[in-house]
Amino acid sequence: MDLRYSKADEEFRAELRAWLEKEVPAHGSPPAISDWAKRRSYDTGWQRKLYEAGYAGINWPAEYGGRDASLTEQLVYYEEIARARAPYIGVNFVGILHGGPTLIAEGTPEQKARHVPYILNGEQIWCQGFSEPGAGSDLAALQTRAEKRGDHYLVNGQKIWCSFAHAADYCELLVRTDPDAPKHRGISWLILPMDADGIEIRPLRTLAGEGEFSEVFLNDVKVPIENRVGEENDGWRVTNVTLRFERGTAFASEMIQLQQYVRDLIDLSKRVERNGAPAWKDPELRRKIGHFSAELDALWAMVKLSVCQSSKTGVPGLGGSAIKLFYSELYQRIAEFGIELLGRARLSREDVAGLPSQALLQRAMQSLSLTIAAGSSQIQRNIISERILGLPKEPRP
Amino acid sequence: MDLRYSKADEEFRAELRAWLEKEVPAHGSPPAISDWAKRRSYDTGWQRKLYEAGYAGINWPAEYGGRDASLTEQLVYYEEIARARAPYIGVNFVGILHGGPTLIAEGTPEQKARHVPYILNGEQIWCQGFSEPGAGSDLAALQTRAEKRGDHYLVNGQKIWCSFAHAADYCELLVRTDPDAPKHRGISWLILPMDADGIEIRPLRTLAGEGEFSEVFLNDVKVPIENRVGEENDGWRVTNVTLRFERGTAFASEMIQLQQYVRDLIDLSKRVERNGAPAWKDPELRRKIGHFSAELDALWAMVKLSVCQSSKTGVPGLGGSAIKLFYSELYQRIAEFGIELLGRARLSREDVAGLPSQALLQRAMQSLSLTIAAGSSQIQRNIISERILGLPKEPRP
Amino acid sequence: MDFQLSEDQESLQAGVRSFCDGHFPVETLRELEYRGYDAALWAELAELGVFNLRLAEAEGGIGLGTADAVIVFAELGRRLVPGPLVWTHLAAELVPGAGDGKTVVGGLDLCGAEREPLLVEHLADLDRLIVLRPDSVSCVDASALNAEPIEVPLDPLTPVHHLAELPEGESLGGTELAERLRLAGCTLASAQLLGLAEASHELAVEYAKGRKQFGRAIGSFQAVKHILADMFVRLEVARAAVYAAGATLDDPGVGDAARAAGSAKLVAGEAALQNARACIQVHGGMGYTWEVPVHYYLKRSWVLASVFGGAEEHAEALARCVELDARAPGTSL
Amino acid sequence: MDFQLSEDQESLQAGVRSFCDGHFPVETLRELEYRGYDAALWAELAELGVFNLRLAEAEGGIGLGTADAVIVFAELGRRLVPGPLVWTHLAAELVPGAGDGKTVVGGLDLCGAEREPLLVEHLADLDRLIVLRPDSVSCVDASALNAEPIEVPLDPLTPVHHLAELPEGESLGGTELAERLRLAGCTLASAQLLGLAEASHELAVEYAKGRKQFGRAIGSFQAVKHILADMFVRLEVARAAVYAAGATLDDPGVGDAARAAGSAKLVAGEAALQNARACIQVHGGMGYTWEVPVHYYLKRSWVLASVFGGAEEHAEALARCVELDARAPGTSL
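Same order as they appear, the protein sequences are chains A, B, C and D.
Okay, so the first sequence: first residue is 1 according to the numbering used here, each after it adds one.
Okay, so the second sequence: first residue is 398 according to the numbering used here, each after it adds one.
Okay, so the third sequence: first residue is 795 according to the numbering used here, each after it adds one.
Okay, so the fourth sequence: first residue is 1128 according to the numbering used here, each after it adds one.
Please keep in mind that the hints were generated in silico from the structure rather than gathered at the bench.
Remember, it's a predicted structure, so these values are computed and weren't measured experimentally.
Fair warning: there could be bad hints in the mix.
[To be verified] So these bits of chain B aren't anywhere near chain D, every CB distance computed over 12 Å:
1. E408
2. E412
3. N456
4. Q471
5. Q508
6. P514
7. A538
8. A578
9. K580
10. R602
11. N616
12. R660
13. L744
[To be verified] Covered, in the sense of this in silico footprint (three residues per stretch, anywhere, with C-beta under 8 Å from a C-beta of chain C), are these stretches of chain B:
14. 690-704
15. 761-768
[What the hints assert, rightly or not] In silico DSS-like cross-links for lysine-lysine, where the CA-CA straight-line distance does not exceed 27 Å:
16. A:K393 with C:K1003
17. D:K1336 with A:K393
18. A:K393 with B:K446
19. D:K1229 with B:K580
20. A:K183 with C:K1006
21. C:K1006 with A:K393
22. A:K22 with A:K38
23. D:K1336 with B:K545
24. B:K790 with D:K1229
25. A:K393 with D:K1339
26. C:K896 with A:K183
27. B:K790 with A:K393
28. B:K790 with C:K1003
29. A:K281 with B:K667
Ideal Cβ placement from N, Cα and C applies to all residues, glycine included.
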């Protein structure tokens, strides 16, 4: 039970920190949230720099150009990225964390050659086409149809919650290739070029007013058969290769940012007045912050425990659901606390009177998605109770 | 939307208060919790006084000797009973609140004549024989068997959670008279004399160390057929007449006691020291108390709303489940707060250093039953969602 | 005692509900985004009696009480009706033209812990601004105010200006008036929060009945059912508290009005906020969109939670009330 | 970094678990009610190394670290092993005979906010009593103490005496020692709380699998499942925090030991308490009996929550830690 990073880890940290201290300020501030062209170039520019410095694909195998870092090096990486407030992975998210790893695991040599290096260096942007209006928590109920027509599939249907669709070159697309099979057994995984004919992208406005997600309508879109990853009708298995990445260390940076956020709330509480004194003087407020801190430290220890477990067994720990569940609900509690602290300034989404309304409200609104996306809290509780605790499944209707 | 008690209500209050101010101190302190003989005589003695003064059976029809009070008079009654810290209804509980009303609603003239007046004046004590080890939340799964043998039923089985069995003369007993019928349709409701042969009572120790409940074992117990209330196999309906009383104004006094309890916690918080000052100086503590108070006031308003609804429609409001659910969980939160306030004194179940450990720990332990008994919180949520909100039932296995 | 809605109150409720359902469908709210106020709709609200409801008949009002007003404001809250409704209603007795909707009145409550920054709701549409201070009530000409518009307000239906300075204004009264207005404002805001809690609950129940996943309506899953049951409980707790506050303001003989109003604000504020959050969760991804109106409910709840005293302030004040009340009067329970 | 249990630690855990399962079945606990301590069992615990675990080998101890001790104390907590375990363990380096179980040592922590009344656990069985004050550690002859026995303690396995007065005693050290002992005591109590949270969780899961209502195991109902899932999360959060505290006390280079210990106490205390409550709820009526051991878990959790600093005290101290830490060091994260 050793929490000490190795000498090699600390050397990696020192080197990375020095690099980040130079490069982060040099990369400038992120563009406006709605300016997709600039966002793409900002995010891919950063990815390119990571790539050139050897920090891209931190968990990717070396043979695919990745860093192949140990799990503890990955923790160091996420700690330093968060500490340096480096650019968010942004439009590279789907490619680096889902698409690329899936191709590495399941793609043909040609598919790998065509995509993997360019995802890594930021040249290819991917989006995700999994969810549908009728297939959310029940993802396997997806209905987007792909009919085989000679050398291609003819795809018709509608996807929703496609992140970065506007900026993307390719989409990891789940389609139904056998409508008669049981629902998990008729799905295939396709590489959809986003410039194909018949694709219509409609931005989906989130409750925070942003357009990071889109609905994608597919009308007679032709996708070459060679773009299928894995066997026909085996896409559910291929998908689960991908889904697994969503429950690993992907939240690591966000967790450390949340620790920074709590420290920022302390600063704020010293500037905000309550009952004629700085809010920080209020013991209830301080205890809440102390409580958040205890939970965050425990969460980070939980990540380390889980990572060390994975590192030993080679498979992600089952505890990922517990981490995700706890993290997302804790985040929401902290974000709500931030709004309370703002007082009347909460009425403005712009900073006002020197108070950071913009960031705090943004966080509070975005946090609402955390208990929904990537397996809702209810789904996580089902997973924990059935897969970890071995409780009997509910009777099916 | 008028919250003002009528002149008649206030006259009733004044008269009752004057009576209580005289009689409560005169009745003395309650005996030890384990002394059943003394408890029976203390509780029935009080019931007798209520009866003689015309305050027994506050909600019973006048033709059965009850007060037939309006619902608002009942509220006044519960308020004053709580305010005067009058003796708890104690061993009379089942007879006055369940057995008696069921007989009034469903009994034969003979059954009524034999029991109703004597329940009212405290001469007959009843206990409840509903739950079984295998039939808790799923009460209708009860297995205690009653076979018809000429002029009597031969009863075999086991009951649990029989309150006051030691002190009781009769038991309202649910038995299965048709094992082949669907589970709700083979149940009958019997009057079981507790001196019948073949009854064994084993006290059931609660986590608070008390013996208010018992297990009752029934071995070839003969119950005359004339002791059946309602038709054979119609006992589930008869039972529901009874169950309804558990969700009405039965908690009213306890709610007001809980308001008193919060005031007592304020007093305590002024005597307990935290960080070198009385705990009451801590704003977090005060806000918690203020918060409890808001919830308790809202709860009491909810009772009034529900009572006025019932009074208009003649049936108990569906809101009873919401009241029960909210009340029981709020009670537990307040009781837990009481333990925190005790600090180290919590280690003792006797009062120590002038701190009221005994009462606070008793309350905290007893409060644990509130979310379980008379329909657990989970059952209440099912009732609310299915019967009030009209959500579809779960698929049956 | 008849704590039920009277027949008149039931018709009042039905009337306002039907008006709001007709006049404030979600499409209208979308059109009102970043404006909030519409002169024609305002005139109709005035016509309905929203502003002069509690004004004596002799003064041209309807002469109803706070118990009636909470019913009306719960319906307004339920349909997210925007505008400085509470302040104009409060001003009916003080500012000529407010009661009949000719004068649009906003306000600033500077009595509580949450005063700064000075953000005024709907300022662009206001004629007059009422300012509550612990010892005074004053009225300011809204057009003369030096204020910066906030380009992106939290609630798209509640535009906000940041006030650089606040002129003295005309005095309307002292401590007593300030307390009375604040109490009524607190109660009416609580009623709006009650309406929001109800709207979130209704929307979630409806969605849970219709939305299918895993071959069943999601409302048949116990996990979802129990979320909805808890929403119902919060809603009914809030309803009881808000109705009680309304009745108590009308008849102080039945209890302490400040305590009733504070309790209502506290529990209705929580009900609105928690129900909006729960409604989002029940909706899954759709709850995170702008399209489904639950985000308006959440944002409005956040706004209303900050007016006429926040949760901490009321909780503290209530504790002091209970402390003073420690000698347990019988009738006020 | 290898935050997993090492192979040695796994065998240690398995060994202590098997010992506790064998020696402290619920029947034994029933026999120990209102005594708690049994000399023969105490000797076996000493034999096992519970008291001299962290004592250097040169001093006759086993020479293991706090990371190992938390594993052992979690197992002791899980099986409700009674007695002044933590204090005697802490005393191993200070009081002759404590490490090998010959001298039974209890203690009083007078450093925190919750000091009064002076209640001493297991006093009747103590030889010596250690008293922690912010600036001193002293040791008192337990037999000479003027104390009233409490006839009915909260936890039937934790008998208590009320101390009328506390003699000066023999000085063992100052501030530094007091801080070190309190930190270790806090961490080991957290470990016991972790064990209690685990015991409640295990018991509830087992019951939910076996108990049938409505024709199904109650563990197949989503409402019950989700209670159990939340218990699991609380348990795993507590486990991570307690293990981290153990590792940090051994190697201050990986973080702030006080912060780690305080966090562990806070989250493990909540996990134990909430899991015990949830376990009772899952058991329904049976959870309310004396027969099912969950009430012991709840009562012990209440007891342990009050030792080595309560939740409020730790929360406040942690806030101060984070405040000082506000310049965000990289490695300590």
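Evaluated hints:
| no. | hint | verdict |
| --- | --- | --- |
| 1 | E408 | 42 Å, holds |
| 2 | E412 | 39 Å, holds |
| 3 | N456 | 27 Å, holds |
| 4 | Q471 | 29 Å, holds |
| 5 | Q508 | 29 Å, holds |
| 6 | P514 | 33 Å, holds |
| 7 | A538 | 7 Å, violated |
| 8 | A578 | 16 Å, holds |
| 9 | K580 | 9 Å, violated |
| 10 | R602 | 4 Å, violated |
| 11 | N616 | 22 Å, holds |
| 12 | R660 | 22 Å, holds |
| 13 | L744 | 5 Å, violated |
| 14 | 690-704 | holds (count 12) |
| 15 | 761-768 | violated (count 0) |
| 16 | A:K393 with C:K1003 | 22 Å, holds |
| 17 | D:K1336 with A:K393 | 11 Å, holds |
| 18 | A:K393 with B:K446 | 56 Å, violated |
| 19 | D:K1229 with B:K580 | 62 Å, violated |
| 20 | A:K183 with C:K1006 | 15 Å, holds |
| 21 | C:K1006 with A:K393 | 19 Å, holds |
| 22 | A:K22 with A:K38 | 22 Å, holds |
| 23 | D:K1336 with B:K545 | 37 Å, violated |
| 24 | B:K790 with D:K1229 | 63 Å, violated |
| 25 | A:K393 with D:K1339 | 14 Å, holds |
| 26 | C:K896 with A:K183 | 62 Å, violated |
| 27 | B:K790 with A:K393 | 17 Å, holds |
| 28 | B:K790 with C:K1003 | 11 Å, holds |
| 29 | A:K281 with B:K667 | 22 Å, holds |
The earlier numbered hints that this structure contradicts are 7, 9, 10, 13, 15, 18, 19, 23, 24, 26.
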